[in-house]
Each structure stands twice: as structure tokens, then as C-alpha cells.
Amino acid sequence: MKSDAACFTKVFGLVDCNNFYVSCERLFKPSLEEKPVVVLSNNDGCIVARSNEAKDLGVRMGIPLFKIGDLVRRHKIVTLSSNYALYADLSERVMNVLSTMSPHQEVYSIDECFLDFSGFSDATNHGQDIREIIKQWLGLPVCVGIGPSKTLAKLSNFIAKKRQQYSGVFDIRTLSEQEQSALMQDILVDEIWGIGRKLSERLNNIGIRTVKDLRDADPEQMQERFSVVVKRTVLELRGMSCLSLEEITEPRKQIICSRSFGSYVHSVNDLEEAVASYASRAAEKLRRDGSHVAVVQVFIQTNTFSKSQPQYCRQGSYRLTSPTDDTIAITKAAMSVLHEIYKSGYAYQKAGVVLMDLAPAQSQQLQIFSPVEKISKSQRLMQVLDATNAAMGHKTLYLAAEGRNETWRIKSEHRTPAYTTCWDSLPIAKA
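Residue numbers (my numbering): 14 to 444.
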């Protein structure tokens with residue numbers, strides 16, 4: 014039986030997938046278990062995810078791969094290109110399962126979400142149930158942090174990951190006040206949710222070095238010296254819930270699709286293919302959000318870090334006659350802008366498409382002379398395009414303007430198959 018206090022006390026759970034990108038890769042390649050593994054950023058440039066074994070070897074997040082070449086070879090660190098299609102699909106599956114484990118859910122990032130644990134008589138046991146279900150159903154390891162505020166739930170999750178005695182689930186409420194103080198004294202202030210490197214340095218300068226130091230600081234002084242956000246953090250560390258679950262995601266104000274090229278691009282034809290590909294991808298995201306775009310922006314640039322090559326960077330925009338989510342219309346607008354800003358004689362390193370002035374599709378007001386039949390035809394065509402690519406794999410159908418030239422595409426020499434989103438990449442079980 015739940016007590017009356019349990020029914021009315023706010024309790025938050027923070028579920029976080031452990032080393033998510035690496036765990037996704039290990040799911041389909043068990044031979045990677047217990048081996049040092051890193052996942053690389055676009056163009057196989059920098060480290061964006063590390064296994065615990067790689068962390069123990071001193072591999073830092075964000076470090077360029079070429080700087081640790083000797084370490085990689087010496088310890089046989091497995092390097093993999095980022096496989097975002099796989100990660101996004103598995104993330105959606107995790108969040109769908111977690112949505113059934115609580116009456117309220119806030120998806121915070123690709124690998125973590127807050128759940129409402131209020132009313133559970135044994136929150137720790139429920140957290141262990143979540144760990145077991147996600148591991149059994151999806152094969153992914155997670156940790157669960159529990160607390161009376163979102164900040165304390167985040168901190169509890171950090172502790173659940175770092176201290177094995179809690180078996181992946183930690184509820185800070187199970188500790189006495191003295192035990193909580195001792196625990197917080199051992200954790201540096203930069204581990205607190207929302208306290209970044211620069212802010213932690215400013216806090217250190219006034220003697221606030223640990224979580225306990227910030228918890229015990231005067232909230233009003235923290236607001237005067239820093240901001241109301243830091244004041245809220247102090248109160249949350251004291252167990253006062255200042256941040257509620259955000260179950261409805263605010264619609265995006267803009268959509269950006271940009272990439273650095275795998276090699277320098279010198280011709281306008283290659284730039285056209287890249288920009289058309291980015292415009293198509295951005296339009297797909299736009300429809301998924303249920304939005305329409307009114308302004309299409311395109312930018313192109315050379316390598317700003319190169320001292321031996323001439324520099325050029327330009328952007329332009331195109332306002333559509335009527336807001337739309339049609340890939341063809343958006344791509345045509347992007348091509349128009351590209352031809353306007355393109356300048357020959359440069360080695361381009363990056364391009365991008367930005368969709369701006371977005372609004373919900375259902376709120377769009379048509380112009381008086383808008384051809385209804387044309388709009389209806391466009392909607393049906395986009396539905397077929399999306400449905401086909403969802404069922405048969407990304408880019409089964411695509412615009413001819415996107416081309417098939419691979420010279421400008423990002424480097425991904427170590428990418429694993431898209432096991433769950435492409436028929437040709439389905440794993441094969443052998444007897």
C-alpha cells in the first residue's frame with residue numbers, strides 16, 4: 014500500500030542508456046564486449062562516444078582521432094564511424110518502452126528521459142524493473158537515478174553509473190541528511206546538471222568546488238552573482254522541485270542540415286548534389302514535425318582553418334510564395350539560392366540548408382489563388398515518398414538532383430550496417 018505522503022510527493026526518475034552509441038554497436042556485434050571501443054564524429058574526425066574500457070585508457074571525449082593514433086594501435090582500440098540511423102531507431106524503441114513504465118515522460122535527449130516516479134511505494138525496485146526490461150527486450154544497459162527534483166535525479170543517475178554497489182539504480186532519498194552531505198562533498202560541482210566548465214570555474218573562484226558547497230550556498234546571493242538558473246539549481250539540490258516534466262516538446266524554430274564534405278568540392282555540380290541532398294533531408298524532418306517552412310537559407314564555405322587556400326563564405330535566403338513541406342519546392346528554392354551565392358575558383362569544405370520561419374502545417378493560411386489540386390497532389394506525393402523510404406530504406410526514392418556522386422559525401426570508413434532500418438542490412442543468423 015502507498016502512503017498518503019507517497020501519493021503527493023514529487024519523485025523523478027532519470028533513465029540514461031550507458032555509453033549509448035557504443036552499446037548500440039555492441040548489440041549487433043557482441044564480440045565488442047569488454048573491448049575498448051570509440052565512435053567517431055562525421056568524417057571520422059573526433060571521438061564522440063567511448064566505452065568504459067576506452068575511458069580507462071585515457072581517451073578523452075572530443076579529441077581528434079589522429080592525435081591518439083599510437084594509443085589506438087597499441088591497445089587495439091576499435092574505431093567505428095557514427096551510425097545515426099541505427100542510434101535514432103534504437104532510441105525511439107527505448108523511449109516507447111519507457112513511456113509504458115510511468116504515467117508521465119519527458120524525452121530529454123537521444124539516450125535519456127525523465128519519468129514521473131511519484132506514487133511508487135518502492136522506487137528503487139521499479140528502477141530495477143526498468144533496467145531488466147530494457148536489457149531483456151532491447152539488449153541495452155541503462156542506469157536509473159531517483160530524486161525529489163530533476164537535478165537530484167540527474168545527480169543520482171551519475172552516482173548509479175559510478176558506484177557499482179547500487180547495481181545501476183540509486184535513490185538519493187534512501188540516504189540520511191548526513192550521508193547525502195558526505196556524498197555531495199565527494200562530487201565536484203561541474204558534475205551538476207547545467208553547470209558547465211566556465212560556470213564551474215567561476216564558482217571555484219568563490220570557493221564553491223563541490224556539490225555540497227553549491228547546495229549550502231545562499232540562493233539569493235547565487236542569483237545576484239550568477240543567474241536565476243543557478244538559484245534554482247541550489248533549491249533543487251535541497252530537494253525543492255523547481256522544474257516540472259515537459260511532456261509537450263516545443264516545435265522547432267528552424268531545421269538545419271549541414272555537413273563537412275569528405276573531400277574538397279571544386280565544382281558547382283557537386284555542390285548542387287550536396288545542397289539538394291541536404292534540402293531533401295531537411296524537408297523530411299519538417300514533415301515529421303508536422304510543420305511548413307516559409308524561408309529557405311543556404312550557406313557554403315571553404316576551410317576557415319586553412320592558411321594556404323583562399324577563403325570564401327556566403328549565405329543567402331529565399332522566401333517561398335506559400336509555406337510548404339514539399340521536398341521539390343524546397344529543393345528548387347535551395348538551388349536558386351546556391352546559384353546566387355556560388356563563386357568559382359574555391360575549394361569548398363562545407364555547405365548547409367536551413368529551414369526558417371516554421372509554423373504548424375494545420376495553421377497555414379493558403380493564398381486566395383493557391384491551386385488546391387496542386388497542393389493535394391503535392392501532399393500525396395510526399396506521403397508516398399516518406400512511406401516508401403520508411404518501408405524500404407532511406408533514399409529508396411529520391412530526387413534526381415541529389416545524384417549518386419559519392420566524392421563529396423562524409424567519410425565513414427568504419428560504419429556498421431543500419432541493422433534495423435534497411436532491408437539489405439538485416440543481421441543474418443547462421444545455424
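Calculated directly from the structure, the hints in this document are not laboratory data.
Certain hints may be false.
Claimed, not checked - Each computed DSSO-like pair below joins lysine-lysine, with the alpha-carbon atoms no more than 27 Å apart:
no., residue 1, residue 2
1, Lys-356, Lys-320
2, Lys-89, Lys-174
3, Lys-266, Lys-408
4, Lys-42, Lys-89
5, Lys-320, Lys-298
6, Lys-48, Lys-443
7, Lys-443, Lys-148
8, Lys-48, Lys-23
9, Lys-175, Lys-148
10, Lys-345, Lys-266
11, Lys-48, Lys-211
What hint numbers does the structure not satisfy?
-> 5, 8, 11
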